[in-house]
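K.L.:
Numbering of the sequence shown is given in the numbering used here, commencing with residue 145 and proceeding in unit increments.
Hints listed in this document are in silico derivations from the structure and should not be mistaken for laboratory results.
There may be inaccurate statements among the hints.
When the alpha-carbon atoms are kept at most 25 Å apart in a straight line, the in silico SDA-like pairs for lysine to any residue are as follows [to be verified]:
hint, residue 1, residue 2
1, Lys387, Arg334
2, Lys282, Lys387
3, Lys462, Ile389
4, Lys387, Leu199
5, Lys281, Ile343
6, Lys281, Trp347
7, Lys282, Lys412
8, Lys498, Phe259
9, Lys271, Leu208
10, Lys232, Ile407
11, Lys271, Ala251
12, Lys271, Ser238
13, Lys498, Ala261
14, Lys462, Trp447
15, Lys387, Trp347
16, Lys271, Gln357
17, Lys282, Ala261
18, Lys387, Asp314
19, Lys282, Lys462
20, Lys271, Ala261
21, Lys462, Gly254
22, Lys486, Tyr267
23, Lys498, Ile178
24, Lys281, Arg405
25, Lys387, Leu196
26, Lys271, Leu370
27, Lys281, Gln357
28, Lys412, Ala170
29, Lys387, Leu182
30, Lys282, Val490
31, Lys281, Ser495
32, Lys462, Thr319
33, Lys281, Ala261
34, Lys281, Gln359
35, Lys232, Ser495
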Amino acid sequence: MSATTTHAVREKSETAAISLRWIIGARDDLVWFIGSVLSSYALLVLYVSGVLPLLWMVAAWAILIDAPHVFGTFSRTYFDRTERRERKRLLLGSLLFFVVGPAMVLAGLGLLFLFLAALWAYYHLVKQHYGFMVLYKKKNNDLAPVDNALDRVFLMLAFTYPFVAFVSNDAEAMTRVPESLRLAFGGLERVLLFATIVIGLLWLGRQVHRLVQGQPLDVPKYLLLLAAIPMHWIALLTPMPQKPIALVAILTIYHNLQYHRLIWFHNKKYTRDERAREEYGAAAVISKRLIYYIAFGVLFGLWYQGPRQYVMSPTHPKTYWTELVTSFLWGYAFIHYYLDSKIWRVRRDPSVGKALNMS
145 MSATTTHAVR EKSETAAISL RWIIGARDDL VWFIGSVLSS YALLVLYVSG VLPLLWMVAA
205 WAILIDAPHV FGTFSRTYFD RTERRERKRL LLGSLLFFVV GPAMVLAGLG LLFLFLAALW
265 AYYHLVKQHY GFMVLYKKKN NDLAPVDNAL DRVFLMLAFT YPFVAFVSND AEAMTRVPES
325 LRLAFGGLER VLLFATIVIG LLWLGRQVHR LVQGQPLDVP KYLLLLAAIP MHWIALLTPM
385 PQKPIALVAI LTIYHNLQYH RLIWFHNKKY TRDERAREEY GAAAVISKRL IYYIAFGVLF
445 GLWYQGPRQY VMSPTHPKTY WTELVTSFLW GYAFIHYYLD SKIWRVRRDP SVGKALNMS
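Put together the whole structure using the sequences plus the hints.
P.N.:
If you want it as structure tokens, here you go:
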């Protein structure tokens, strides 16, 4: 074999050892889907050091960043003429989430409602990280059954343990747990820690096995997990004042920025054709310019999170009516959580795969 041929074979083998296929592109993915975790660390440091007051941090984040990301979901569902036609039952049925909170408050189950709402909110963050992991797995043909199973279990445990540990060891957080469930958290924390260590070791062993076998290593997936998992552990286990409220902004801003970039990438389909406005309706107008998307999102933030932050502020008296209003406003978040679990299924919806260039 000639020296040239030997070099070519070696180069091909080294290239095959890793897989570097991105959702948008290396720069965009590294900045928005992975590197934007720095926003969570920034909020954590600024808040813990006392530079950033809690009220201003939470209100600015909620109105300017979080609510617009909820609007991002609406921009490609309720404002999309084709989605309204094809998913009519789903979109109309989702509006019933506005009723759930007030119904539970009226039934005297306000504490249980807020506890379940908080669990769903955290689960939603975890599911987005899982969703991005799946996109990278599909992009990099990292779909072996054993890897799919290990990746899923490892990710879920790695995010669940620190959350349960936080609730178990934070007195303020524990007051938000229904009394009948409080005793369970201590035992659950120990079980989850053991399970996380065992599955983590198995997962690491599988990556070493892939390396030894010469199977391609899904580097974007590793970078995503390396960004998201340690941040959750650090934030959830760091002592801080009024931790349950502060954590909402600290943990979620990373999720928000990831989602905004994915939505904007997806929504490019609304501007690829001159007939887009006729086909898609208002969605094409919202996504015509980035400034339009931002402006509509902030207006929605003022509409949704403005009243919510007011009634939930520490200075506002807590009454039965504020609890009722707060539970109703949770409906926007619930619709976002639920629709997100339906509209990003790349395998079941070819149009989504096409918009995200999954092929």
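K.L.:
With reference to the structure, classify each hint as holding or not holding.
P.N.:
Hint-by-hint comparison with the structure:
{"no.": "1", "hint": "Lys387 x Arg334", "result": "holds (22 Å)"}
{"no.": "2", "hint": "Lys282 x Lys387", "result": "violated (37 Å)"}
{"no.": "3", "hint": "Lys462 x Ile389", "result": "holds (16 Å)"}
{"no.": "4", "hint": "Lys387 x Leu199", "result": "holds (13 Å)"}
{"no.": "5", "hint": "Lys281 x Ile343", "result": "holds (19 Å)"}
{"no.": "6", "hint": "Lys281 x Trp347", "result": "holds (15 Å)"}
{"no.": "7", "hint": "Lys282 x Lys412", "result": "holds (21 Å)"}
{"no.": "8", "hint": "Lys498 x Phe259", "result": "violated (38 Å)"}
{"no.": "9", "hint": "Lys271 x Leu208", "result": "holds (23 Å)"}
{"no.": "10", "hint": "Lys232 x Ile407", "result": "holds (21 Å)"}
{"no.": "11", "hint": "Lys271 x Ala251", "result": "violated (30 Å)"}
{"no.": "12", "hint": "Lys271 x Ser238", "result": "holds (19 Å)"}
{"no.": "13", "hint": "Lys498 x Ala261", "result": "violated (33 Å)"}
{"no.": "14", "hint": "Lys462 x Trp447", "result": "holds (21 Å)"}
{"no.": "15", "hint": "Lys387 x Trp347", "result": "violated (31 Å)"}
{"no.": "16", "hint": "Lys271 x Gln357", "result": "violated (30 Å)"}
{"no.": "17", "hint": "Lys282 x Ala261", "result": "violated (31 Å)"}
{"no.": "18", "hint": "Lys387 x Asp314", "result": "holds (8 Å)"}
{"no.": "19", "hint": "Lys282 x Lys462", "result": "violated (48 Å)"}
{"no.": "20", "hint": "Lys271 x Ala261", "result": "holds (15 Å)"}
{"no.": "21", "hint": "Lys462 x Gly254", "result": "holds (13 Å)"}
{"no.": "22", "hint": "Lys486 x Tyr267", "result": "holds (15 Å)"}
{"no.": "23", "hint": "Lys498 x Ile178", "result": "holds (22 Å)"}
{"no.": "24", "hint": "Lys281 x Arg405", "result": "holds (19 Å)"}
{"no.": "25", "hint": "Lys387 x Leu196", "result": "holds (14 Å)"}
{"no.": "26", "hint": "Lys271 x Leu370", "result": "holds (16 Å)"}
{"no.": "27", "hint": "Lys281 x Gln357", "result": "holds (18 Å)"}
{"no.": "28", "hint": "Lys412 x Ala170", "result": "holds (18 Å)"}
{"no.": "29", "hint": "Lys387 x Leu182", "result": "holds (19 Å)"}
{"no.": "30", "hint": "Lys282 x Val490", "result": "holds (9 Å)"}
{"no.": "31", "hint": "Lys281 x Ser495", "result": "holds (19 Å)"}
{"no.": "32", "hint": "Lys462 x Thr319", "result": "holds (16 Å)"}
{"no.": "33", "hint": "Lys281 x Ala261", "result": "violated (30 Å)"}
{"no.": "34", "hint": "Lys281 x Gln359", "result": "holds (14 Å)"}
{"no.": "35", "hint": "Lys232 x Ser495", "result": "holds (17 Å)"}
When the structure is compared with the earlier hints, violations turn up for hints 2, 8, 11, 13, 15, 16, 17, 19 and 33 and for no others.
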